[in-house]
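The residues making up each chain are set out below.
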Amino acid sequence: GAGVSQSPRYKVAKRGQDVALRCDPISGHVSLFWYQQALGQGPEFLTYFQNEAQLDKSGLPSDRFFAERPEGSVSTLKIQRTQQEDSAVYLCASRGFGGGYNEQFFGPGTRLTVL
Amino acid sequence: SQQGEEDPQALSIQEGENATMNCSYKTSINNLQWYRQNSGRGLVHLILIRSNEREKHSGRLRVTLDTSKKSSSLLITASRAADTASYFCATDARGGADGLTFGKGTHLIIQP
Numbered sequence: 084g085a086g087v088s089q090s091p092r093y094k095v096a097k098r099g100q101d102v103a104l105r106c107d108p109i110s111g112h113v114s115l116f117w118y119q120q121a122l123g124q125g126p127e128f129l130t131y132f133q134n135e136a137q138l139d140k141s142g143l144p145s146d147r148f149f150a151e152r153p154e155g156s157v158s159t160l161k162i163q164r165t166q167q168e169d170s171a172v173y174l175c176a177s178r179g180f181g182g183g184y185n186e187q188f189f190g191p192g193t194r195l196t197v198l
Numbered sequence: 079s080q081q082g083e084e085d086p087q088a089l090s091i092q093e094g095e096n097a098t099m100n101c102s103y104k105t106s107i108n109n110l111q112w113y114r115q116n117s118g119r120g121l122v123h124l125i126l127i128r129s130n131e132r133e134k135h136s137g138r139l140r141v142t143l144d145t146s147k148k149s150s151s152l153l154i155t156a157s158r159a160a161d162t163a164s165y166f167c168a169t170d171a172r173g174g175a176d177g178l179t180f181g182k183g184t185h186l187i188i189q190p
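Top to bottom, those sequences are chains A and B.
Mapping of the first sequence onto this note's numbering: position 112 corresponds to residue 195, and the numbering continues sequentially without gaps.
Mapping of the second sequence onto this note's numbering: position 1 corresponds to residue 79, and the numbering continues sequentially without gaps.
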């Protein structure tokens with residue numbers, strides 16, 4: 084596709100439910116990033132993949148958060164036993180090879196609301 | 079945690095005026111970027127300035143970087159209603175890792 088796509092765009096979950104958020108990066112982009120954006124705040128880094136390798140997961144807030152990118156393209160962010168504080172917009176971004184300048188292309192985000 | 083702080087948090091100006099937003103950050107960087115976010119289009123990359131650059135222009139945008147003060151400014155000239163959005167600075171200050179560190183943003187409103 085022309086840009087980064089994410090699905091679903093909106094997700095409502097009851098506290099304690101598991102959710103899975105999908106990201107389709109720009110075709111051929113090697114690097115993929117997940118960010119969490121709380122209301123009124125800037126995005127905060129969660130995790131980073133280069134191809135299928137998860138090179139940095141230091142931003143994941145707890146062990147309830149898990150991300151994968153098994154074939155080096157589509158990525159899934161999974162949140163287990165969701166809590167109200169998990170309510171946020173989850174943004175995915177991708178970057179092409181040789182992106183030394185670190186310009187990232189963002190998807191529209193998934194807005195997660197935990198009731 | 080957020081790396082930077084944008085100033086002001088909110089700004090409202092008349093169409094045609096210039097808008098200036100500032101960003102401060104805390105640690106050494108390789109580059110600094112500005113992004114725009116509105117509800118219709120998500121986060122869009124505007125401009126990147128490298129740590130060895132002091133000023134950069136792109137259309138109606140002018141970015142400055144002062145690494146000695148760890149600060150940057152974004153100037154939008156001749157503002158338009160379509161410039162209404164939130165603006166974020168982002169740095170690569172993660173100790174060489176690749177994720178961006180964003181500030182809290184400036185919400186800009188252009189009044190027609």
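By construction, these hints were calculated from the structure, which means they are not laboratory data.
Note that CB positions come from ideal geometry on N, CA and C, so glycine has one too.
Where hints are given, some of them may not hold.
The calculated BS3-like cross-link candidates involving lysine-lysine, where the alpha carbons are at most 27 Å apart (straight line), are [said to hold, decoys possible]:
| # | chain 1 | residue 1 | chain 2 | residue 2 |
| --- | --- | --- | --- | --- |
| 1 | A | K161 | B | K182 |
| 2 | A | K140 | B | K182 |
| 3 | A | K140 | B | K134 |
Derived list of chain B stretches under chain A, where covered just means 3 residues or more per stretch with a C-beta under 8 Å from a C-beta of chain A [as the list claims (entries may be wrong)]:
| # | segment |
| --- | --- |
| 4 | 122-128 |
| 5 | 137-148 |
Now the stretches of chain A that chain B is said to cover, found in silico as 3 or more residues with beta-carbon under 8 Å [stated by the list, open to error]:
| # | segment |
| --- | --- |
| 6 | 136-146 |
| 7 | 150-164 |
| 8 | 186-195 |
Status of the hints after comparison with the structure:
Proximity of A:K161 to B:K182 is assessed by CA-CA distance (about 25 Å); at most 27 Å being required, the pair is judged to hold. Taking the CA atoms of A:K140 and B:K182, the gap is about 22 Å. The hint holds against a cut of 27 Å. Distance check on the hinted pair: A:K140 and B:K134 sit about 33 Å apart at the alpha-carbon level, beyond 27 Å; violated. Under a criterion of three residues with beta carbons nearer than 8 Å to beta carbons of chain A, the stated coverage of the segment 122-128 of chain B is upheld, 4 such residues being counted.
With a cut-off of 8 Å between beta carbons, the segment 137-148 of chain B has 0 residues touching chain A; three or more are needed, and the interface restraint is violated. Coverage of a stretch by a chain is defined here by at least three residues with a beta carbon nearer than 8 Å to that chain's beta carbons; for the segment 136-146 of chain A and chain B the count is 4, and the condition holds. Residues of the segment 150-164 of chain A lying with their CB closer than 8 Å to a CB of chain B number 0, which falls below the three-residue condition for coverage. Residues of the segment 186-195 of chain A lying with their CB closer than 8 Å to a CB of chain B number 7, which satisfies the three-residue condition for coverage.
In summary, the numbered hints that this structure violates are 3, 5, 7.
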